[in-house]
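Protein chains in written order, with this note's numbering: chain A, 1 to 112; chain B, 113 to 225.
Hints in this document: simulated from the structure, not taken from any laboratory.
Cβ coordinates follow ideal geometry from the N, Cα and C atoms, glycine included.
Treat the hints with care, since some could be wrong.
If we take Cβ atoms under 10 Å as the criterion, some of the chain B residues that face chain A in the derived model are [to be verified]: (1) Ile-116; (2) Gly-128; (3) Gln-137; (4) Tyr-143; (5) Tyr-145; (6) Tyr-147; (7) Arg-156; (8) Asp-168; (9) Gly-170; (10) Glu-171; (11) Thr-212.
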Amino acid sequence: SQQGEEDPQALSIQEGENATMNCSYKTSINNLQWYRQNSGRGLVHLILIRSNEREKHSGRLRVTLDTSKKSSSLLITASRAADTASYFCATDASVSPQKLVFGQGTRLTINP
Amino acid sequence: DAGITQSPRHKVTETGTPVTLRCHQTENHRYMYWYRQDPGHGLRLIHYSYGVKDTDKGEVSDGYSVSRSKTEDFLLTLESATSSQTSVYFCAISELGPNTEAFFGQGTRLTVV
Numbered sequence: 001s002q003q004g005e006e007d008p009q010a011l012s013i014q015e016g017e018n019a020t021m022n023c024s025y026k027t028s029i030n031n032l033q034w035y036r037q038n039s040g041r042g043l044v045h046l047i048l049i050r051s052n053e054r055e056k057h058s059g060r061l062r063v064t065l066d067t068s069k070k071s072s073s074l075l076i077t078a079s080r081a082a083d084t085a086s087y088f089c090a091t092d093a094s095v096s097p098q099k100l101v102f103g104q105g106t107r108l109t110i111n112p
Numbered sequence: 113d114a115g116i117t118q119s120p121r122h123k124v125t126e127t128g129t130p131v132t133l134r135c136h137q138t139e140n141h142r143y144m145y146w147y148r149q150d151p152g153h154g155l156r157l158i159h160y161s162y163g164v165k166d167t168d169k170g171e172v173s174d175g176y177s178v179s180r181s182k183t184e185d186f187l188l189t190l191e192s193a194t195s196s197q198t199s200v201y202f203c204a205i206s207e208l209g210p211n212t213e214a215f216f217g218q219g220t221r222l223t224v225v
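One chain only, chain A, in its complex shape:
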């Protein structure tokens, strides 16, 4: 079974609004990453947060990590049409630290 589970599976918002996506995972981790995938393309790395970090920012992206709840969230502020994509979280697992395992993703649609 997959380590990460994203929620919601699909999200549709208006341009300019903020978008929040959540990721829950099952086992202890060392790192958690977020990726974006535009339709028909490979995944692109957005941000990496380590298990000893609680929050990280990159431009309009804000990622939080709560290891006690085994969950992370990705916030995209002031969304743009170009943010329309699928977003995935990915984790290692402390029992298998060399694996990089992805969740099922959230499909984000930004409406103009």
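We have chain A already, so just place chain B on it with the hints.
Positioned in the frame of chain A, the structure of chain B alone reads:
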């Protein structure tokens, strides 16, 4: 863009035939991964490699084998293709494994008829 190339980009094959997909990198990264992507399942890890001749199974390894005889090449073989292996296959590379970002190839769309 990271130097990672998948070949072929598209392939149609018949049930029961062997198929080999190639992932080639020019970044000298230690880690290489093969994933499959299917609707409703996200990306699922098939096999991965953490060095030349060092490989291990992922979540959905049945029916697949891999080889890595050189740092730059990671081959995925479907020993006897089945219709359930129709999918989009992605290769990814990473310098130090899950501690660092992964770079993805553009994918191979495989159809087994």
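Evaluation of the provided hints:
no. : hint    : in the structure
1   : Ile-116 : holds, 8 Å
2   : Gly-128 : violated, 29 Å
3   : Gln-137 : violated, 13 Å
4   : Tyr-143 : holds, 7 Å
5   : Tyr-145 : holds, 6 Å
6   : Tyr-147 : holds, 7 Å
7   : Arg-156 : holds, 7 Å
8   : Asp-168 : holds, 7 Å
9   : Gly-170 : holds, 7 Å
10  : Glu-171 : holds, 7 Å
11  : Thr-212 : holds, 7 Å
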